[in-house]
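A.B. asks: Model the full assembly from the supplied sequences, consistent with the hints where possible.
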Amino acid sequence: MAACGRKAGYAIALNLMKTLTRSSNFASNSRSLSGVVSSEILTSHTAKWMQDTSKKSPMELINEVPPVKVEGRIAACEGDSDPALGHPIEFICLDLDKPAVCKYCGLRYVQDHGHHSH
Numbered sequence: 001m002a003a004c005g006r007k008a009g010y011a012i013a014l015n016l017m018k019t020l021t022r023s024s025n026f027a028s029n030s031r032s033l034s035g036v037v038s039s040e041i042l043t044s045h046t047a048k049w050m051q052d053t054s055k056k057s058p059m060e061l062i063n064e065v066p067p068v069k070v071e072g073r074i075a076a077c078e079g080d081s082d083p084a085l086g087h088p089i090e091f092i093c094l095d096l097d098k099p100a101v102c103k104y105c106g107l108r109y110v111q112d113h114g115h116h117s118h
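Sequential numbering from 1 applies to the sequence shown in the numbering used here.
Calculated directly from the structure, the hints in this document are not laboratory data.
Please note that the accuracy of each hint is not assured.
[Unchecked claim] Calculated cross-link-like contacts (lysine-lysine; reagent style DSSO-like; alpha-carbon spacing at most 30 Å):
(1) Lys98 <-> Lys56
(2) Lys56 <-> Lys103
(3) Lys98 <-> Lys48
(4) Lys69 <-> Lys56
(5) Lys103 <-> Lys55
(6) Lys69 <-> Lys98
(7) Lys103 <-> Lys48
(8) Lys55 <-> Lys69
[Claimed, not checked] Estimated spans, in silico, between C-beta atoms of each pair:
(9) Arg73 <-> Cys105: 17 to 23 Å
(10) Lys56 <-> Phe91: 26 to 32 Å
(11) Val65 <-> Phe91: 15 to 21 Å
(12) Asn63 <-> Glu90: 16 to 22 Å
(13) Leu96 <-> Asn63: 31 to 37 Å
(14) Glu90 <-> Gly114: 23 to 29 Å
(15) Lys55 <-> Ala76: 28 to 34 Å
Cβ atoms here follow ideal geometry from the backbone N, Cα and C, with glycine treated the same way.
C.D. replies: Take a look at the structure:
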């Protein structure tokens, strides 16, 4: 569902950008478009980044982080200890045997079955 929302948001932003760049009021003042990235620039930047095979992708980097062991059945992921660098809190159920993945940052969590509280 979130992916559909992102696609729709991207389409709206792209249409807005096209409308703004066609407007004579904005075209005459380049400062009005500061912070707005054209789709051509975005596409070429992404293509350039994807061609650089010397760097690992974000998914490759996050997969190098070992799963976080959690004592209980529920993990709470915020992405980072600093709220400014994290993401909205996600509570993740760890009932399955395989690692559960945070939908925001990709960190993996597993239940620590070796921990016993008395």
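A.B. asks: Work down the list of hints and note, for each, if the structure agrees.
C.D. replies: Tested hints:
{"no.": "1", "hint": "Lys98 <-> Lys56", "in the structure": "holds (25 Å)"}
{"no.": "2", "hint": "Lys56 <-> Lys103", "in the structure": "holds (20 Å)"}
{"no.": "3", "hint": "Lys98 <-> Lys48", "in the structure": "violated (35 Å)"}
{"no.": "4", "hint": "Lys69 <-> Lys56", "in the structure": "holds (25 Å)"}
{"no.": "5", "hint": "Lys103 <-> Lys55", "in the structure": "holds (23 Å)"}
{"no.": "6", "hint": "Lys69 <-> Lys98", "in the structure": "holds (12 Å)"}
{"no.": "7", "hint": "Lys103 <-> Lys48", "in the structure": "holds (26 Å)"}
{"no.": "8", "hint": "Lys55 <-> Lys69", "in the structure": "holds (28 Å)"}
{"no.": "9", "hint": "Arg73 <-> Cys105: 17 to 23 Å", "in the structure": "holds (20 Å)"}
{"no.": "10", "hint": "Lys56 <-> Phe91: 26 to 32 Å", "in the structure": "holds (29 Å)"}
{"no.": "11", "hint": "Val65 <-> Phe91: 15 to 21 Å", "in the structure": "holds (20 Å)"}
{"no.": "12", "hint": "Asn63 <-> Glu90: 16 to 22 Å", "in the structure": "holds (18 Å)"}
{"no.": "13", "hint": "Leu96 <-> Asn63: 31 to 37 Å", "in the structure": "violated (18 Å)"}
{"no.": "14", "hint": "Glu90 <-> Gly114: 23 to 29 Å", "in the structure": "holds (25 Å)"}
{"no.": "15", "hint": "Lys55 <-> Ala76: 28 to 34 Å", "in the structure": "holds (31 Å)"}
Against the hints set out earlier in the document, violations occur for numbers 3, 13.
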